[in-house]
Amino acid sequence: MELDQQPADKVSKLFRAISKKESLNLFLLAKDGIEAESSAPQKVGLSRKMYYTRLRQLVDAGLVSRYGNRYSHTVLGRIIYQEYVLSLFERIKDTKQLEMIEILKHAGRFSDYDIDNFVAKIMNAASSSVSRNGTISPPKIEIFWSYEASASKIARCVDLARNTIVFATRFYNETLINTILLKAKSRVDVRILADVGMVTHYLEMEKKGLQMLDKNAAERMNVVKDPWYPSSVNRRVTSVPFSMMLIDGKEAGVELVDSSSPQKFTGALYTNDEGICKQLMDFYDKLWLQASDNVPEKSSR
1 MELDQQPADK VSKLFRAISK KESLNLFLLA KDGIEAESSA PQKVGLSRKM
51 YYTRLRQLVD AGLVSRYGNR YSHTVLGRII YQEYVLSLFE RIKDTKQLEM
101 IEILKHAGRF SDYDIDNFVA KIMNAASSSV SRNGTISPPK IEIFWSYEAS
151 ASKIARCVDL ARNTIVFATR FYNETLINTI LLKAKSRVDV RILADVGMVT
201 HYLEMEKKGL QMLDKNAAER MNVVKDPWYP SSVNRRVTSV PFSMMLIDGK
251 EAGVELVDSS SPQKFTGALY TNDEGICKQL MDFYDKLWLQ ASDNVPEKSS
301 R
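When we follow the numbering used here, the leftmost residue of the sequence shown carries the number 1, and every step to the right adds one.
Check the hints yourself; a few may be wrong.
Once the Cα atoms are required to be at most 27 Å apart in a straight line, the calculated DSS-like pairs of lysine-lysine come out as [what the hints assert, rightly or not]:
no., residue 1, residue 2
1, Lys20, Lys31
2, Lys31, Lys185
3, Lys278, Lys153
4, Lys278, Lys43
5, Lys153, Lys250
Derived from the structure by calculation, the hints contain no laboratory data. All values reported here derive from a predicted model rather than from experimental measurement.
Construct all of the structure, not just a fragment, from the sequences and the given hints.
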């Protein structure tokens, strides 16, 4: 039987990156983030050379990356941490029970079926214990490849929001606007970042069919500029690189953009991963600070 070397090489690289005790400790610390500061080696009890060597190995393996002024798990690192490292720690706690099963196996008094059942009971007990503690419940990830399915997912998430809705969009969807407006009335804090290209595009379309002598023209233009006008929704305009959504800081959605055709919707990823939600929130806050309350007079999509 031949082994596909490419996946084996990648897995081997991951194991090597955390094979040393110092590397593993840094990887565990990266869950909550390691401050990128000159005193970091001293804080974790390593020499500067050892610290930066081990940290570089984690970065090169794709397990850790720098986000702002902190080194934290990448998405891959987060999955490895939750599904494998913590799970392995739990299995180590069961070492004595596993040794007893090994003795029974060598005694030859139990069938392979019985041995498998013994092992399954230990594994299920450990998994249930960990899930109850909330320690390693793997993050849920969904991907939608059609805009309709993605919009439907957003609407469901918005409907379940209890405290905050944070939204950035490159696409106009009246159904979602109405859903968010309805939720805003229930005292949920809502922030919207509208893509400047999207807004100016609809402004130009409206101007072509709008008779400026119409007594309702000004009001209609206000609605086009800001579909949430005159509600209390906080809305700003900026260049949105990709659509994103955050619900109560616990559910996140991010648009997958095809660089060869960026204006079209390609897909979207939704997850309840805590690390991804935090990173997206940090990124959103930066966009929010750079955004404007008004639509620029001249802009191109």
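(request) Enumerate the violated hints, using their earlier numbering and listing them in ascending order. (result) Violated: hint 2 alone.
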